[in-house]
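**Student:** If you read the sequences in order, they're chains C and Z.
Letter by letter, the first sequence follows residues 0 to 334 in numbering that gives the first Met the number 0.
Letter by letter, the second sequence follows residues 0 to 287 in numbering that gives the first Met the number 0.
Hints in this document: simulated from the structure, not taken from any laboratory.
Be a bit skeptical, because a hint or two may be false.
What the hints assert, rightly or not - Straight-line distance between alpha carbons at most 20 Å, and here's what the computed EDC-like set of lysine to aspartate or glutamate pairs gives:
id : chain 1 : residue 1 : chain 2 : residue 2
1  : C       : Lys-207   : C       : Glu-293
2  : C       : Lys-324   : C       : Glu-1
3  : Z       : Lys-211   : C       : Asp-257
4  : Z       : Lys-211   : C       : Glu-153
5  : C       : Lys-333   : C       : Asp-9
6  : C       : Lys-324   : C       : Asp-17
Treat the numbers as computed from the prediction; the structure is a model and nothing was measured.
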Amino acid sequence: MEQRRKERIDRGIKVRTDGLYAVMSWRELSYLTLPRVVLIAGLLILPLVMPSMYWQRVISIVCIYSLLAISFDLLAHFVGLVSLGGALFIGVGGYLSAIMNTSFGFPPLLAIPIATLVGAGICTVLLLPCLPLRGVYFAIVSLMYPLAMTRVIEALDILGGTDGIMGIDSFPNRWIEQYFVILMVLLFLFGVRRLVNLDLGLVLRAVKDNDQAVRASGMSITFYKAVAVFISSAMGCLGGASIVHIYMWSGMSLFALDFSILPIAATVIGGAGTLVGPVLGCLILVPVSELLREFGTLRIVFYSVILVAFIVFRSEGIMVYGQRKYHQIERWVKV
Amino acid sequence: MDILIYGTINSISLALMALGFALVYGISRVPNFSHGALYVITGFIAWSLLRTLGLNYLFSIILSIIAIGLVGALIYQFVLIRVRGMAISEIIASYAIGLAILEGLRWGGFKGTTYTLPVFIEGSITIGGIPVDFHRLLVVAIGAAVVTFLWLFTHYTRIGLALRGMAQDERAALMLGIDSDFMAIVAMASGAMLAGLAGIVLLPLGNIVVEKGYDVLIQAIAVCIVGGLGSWMGAVLAAFLIGFAQILTVVYLGTHFQMVVALLAIILTLILRPSGLFGRQKELEERV
Numbered sequence: 000m001e002q003r004r005k006e007r008i009d010r011g012i013k014v015r016t017d018g019l020y021a022v023m024s025w026r027e028l029s030y031l032t033l034p035r036v037v038l039i040a041g042l043l044i045l046p047l048v049m050p051s052m053y054w055q056r057v058i059s060i061v062c063i064y065s066l067l068a069i070s071f072d073l074l075a076h077f078v079g080l081v082s083l084g085g086a087l088f089i090g091v092g093g094y095l096s097a098i099m100n101t102s103f104g105f106p107p108l109l110a111i112p113i114a115t116l117v118g119a120g121i122c123t124v125l126l127l128p129c130l131p132l133r134g135v136y137f138a139i140v141s142l143m144y145p146l147a148m149t150r151v152i153e154a155l156d157i158l159g160g161t162d163g164i165m166g167i168d169s170f171p172n173r174w175i176e177q178y179f180v181i182l183m184v185l186l187f188l189f190g191v192r193r194l195v196n197l198d199l200g201l202v203l204r205a206v207k208d209n210d211q212a213v214r215a216s217g218m219s220i221t222f223y224k225a226v227a228v229f230i231s232s233a234m235g236c237l238g239g240a241s242i243v244h245i246y247m248w249s250g251m252s253l254f255a256l257d258f259s260i261l262p263i264a265a266t267v268i269g270g271a272g273t274l275v276g277p278v279l280g281c282l283i284l285v286p287v288s289e290l291l292r293e294f295g296t297l298r299i300v301f302y303s304v305i306l307v308a309f310i311v312f313r314s315e316g317i318m319v320y321g322q323r324k325y326h327q328i329e330r331w332v333k334v
Numbered sequence: 000m001d002i003l004i005y006g007t008i009n010s011i012s013l014a015l016m017a018l019g020f021a022l023v024y025g026i027s028r029v030p031n032f033s034h035g036a037l038y039v040i041t042g043f044i045a046w047s048l049l050r051t052l053g054l055n056y057l058f059s060i061i062l063s064i065i066a067i068g069l070v071g072a073l074i075y076q077f078v079l080i081r082v083r084g085m086a087i088s089e090i091i092a093s094y095a096i097g098l099a100i101l102e103g104l105r106w107g108g109f110k111g112t113t114y115t116l117p118v119f120i121e122g123s124i125t126i127g128g129i130p131v132d133f134h135r136l137l138v139v140a141i142g143a144a145v146v147t148f149l150w151l152f153t154h155y156t157r158i159g160l161a162l163r164g165m166a167q168d169e170r171a172a173l174m175l176g177i178d179s180d181f182m183a184i185v186a187m188a189s190g191a192m193l194a195g196l197a198g199i200v201l202l203p204l205g206n207i208v209v210e211k212g213y214d215v216l217i218q219a220i221a222v223c224i225v226g227g228l229g230s231w232m233g234a235v236l237a238a239f240l241i242g243f244a245q246i247l248t249v250v251y252l253g254t255h256f257q258m259v260v261a262l263l264a265i266i267l268t269l270i271l272r273p274s275g276l277f278g279r280q281k282e283l284e285e286r287v
């Protein structure tokens, strides 16, 4: 019997665009830039084509989840730390920005950057004890913080207790709100993509793959992990700080499970370790979850089931699949 | 005196909650983040068997524990086995399964005060001037029995010895003809059954609520980390440490701080002695 196998070959244009010669031809240049341009232009146009205020608000939420998902992807697939508590970052950033706005009277566009940096510092310090360790400790501790935070807020009745903090200023207008979060997503997306190819990114990936080698090179693993946690919690805190100004309210639901599970689901669906994938995943999952809003907590079941299905059967994700189709041709050949 | 009595009871409850997690992690190195969900769902299965189908209480308990063991085995066979060894996927998959179960229950309307299991024996007894109900005493007895049974099981039966062999060195165990996947399924099923047993024993003390799933998971993990991940006797000892610490904080500070005790215990352990009280065996692997 004749046997066949599938063969994958890089497209000629992919090989030609690898080197510097790509800049000599419009065709190669557009092959290189097309995916990026589609993403950037698509995100920028999105608020303009949305039919209603409601869907424009959804775009902002998509962006906030995207920030969280990029931060999850950076930590999990470039440093090897699985964070099950994205809600911690959202909550810390959100409450800080809310306090700065209501108690000190900072305008949103000043409160958000401060909350981002201070919040990232706080999160890093909170997570510091588990950074020298390998294994599941980071996942466990990051899972516990958001759950414990709600209890502490409830018990001590601080930060507005169960009612939350109200009367937070919104962005000057809704266009600024949307373009602020969209630009932040693009900034961090391309920033992190650049970062993981810098020397620092190389060290971070080495921490994931072979931490003993990093240590043998005289570098402190804990320090580099802390740097990575700082960067990704900054992204999360930025999202949290933005969300309180979008909703004009900060409460215990900032520590809710949605913020922990949806970014993970988006990352796995979109393509782990690609950084663009998580954004794509959020663009798919968040609108779907808005459509399912009436089902309440069934949404979390929905993400979880999708997550398990993808992780078990299709662990590569949409983005990796797409990249393969874009760069390679497949054909059947005789063995 | 009441601190002593309730501390002991609380410690035994914690040990019951934690043993399942410790067993699964110790043997297959899979952190079972769906532990709390299994604990809660057993309560609901027993409740439905008892109330909806009207079965005998003892019979529905046995049936629900067997059912949860099957669920554990199925989770391992169909999901976890495929991602075994990929740390990120293992964590995410088991966490997602747990979330799906818990939030599915919440969506299914399993909340409120209607869901309670009856205590095993009504009535109470006075020990040293403190009234203690029989059920709490029974918890202590069952906890002690489970710990003893586990010790005997892992030291004197063939399967138990194979499980310990897996826990110590999986490759060597494979060479000696121990089927590691089958053993991991056994471990996961018995871990789930332990979680279910803990649920059945402890849930009659209050309402069955979904939130307990998260609490139980966190307390179980706290106990396991303080005792050293993968060390069962360490877990029992740590349960006593955390149990008494919790009762002391409840007496002197308030009930809301129970969770904070667990968190603080984890953080302190990770700072001071990352491999836990008895986690020597795998120390080198976990410390960078």
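**Student:** A separate judgement is required for each hint: does it hold in the structure or not?
**Tutor:** These are the hints, each one checked on the structure:
1. C:Lys-207 to C:Glu-293: It is violated: about 40 Å lies between the C-alpha atoms, which goes past 20 Å.
2. C:Lys-324 to C:Glu-1: violated (27 Å)
3. Z:Lys-211 to C:Asp-257: Roughly 18 Å between the alpha carbons, so the hint for Z:Lys-211 and C:Asp-257 holds.
4. Z:Lys-211 to C:Glu-153: holds (16 Å)
5. C:Lys-333 to C:Asp-9: Given pair C:Lys-333, C:Asp-9 holds - Cα atoms ~19 Å apart, limit 20 Å.
6. C:Lys-324 to C:Asp-17: holds (17 Å)
The structure fails hints 1, 2 (numbered hints given earlier, in ascending order).
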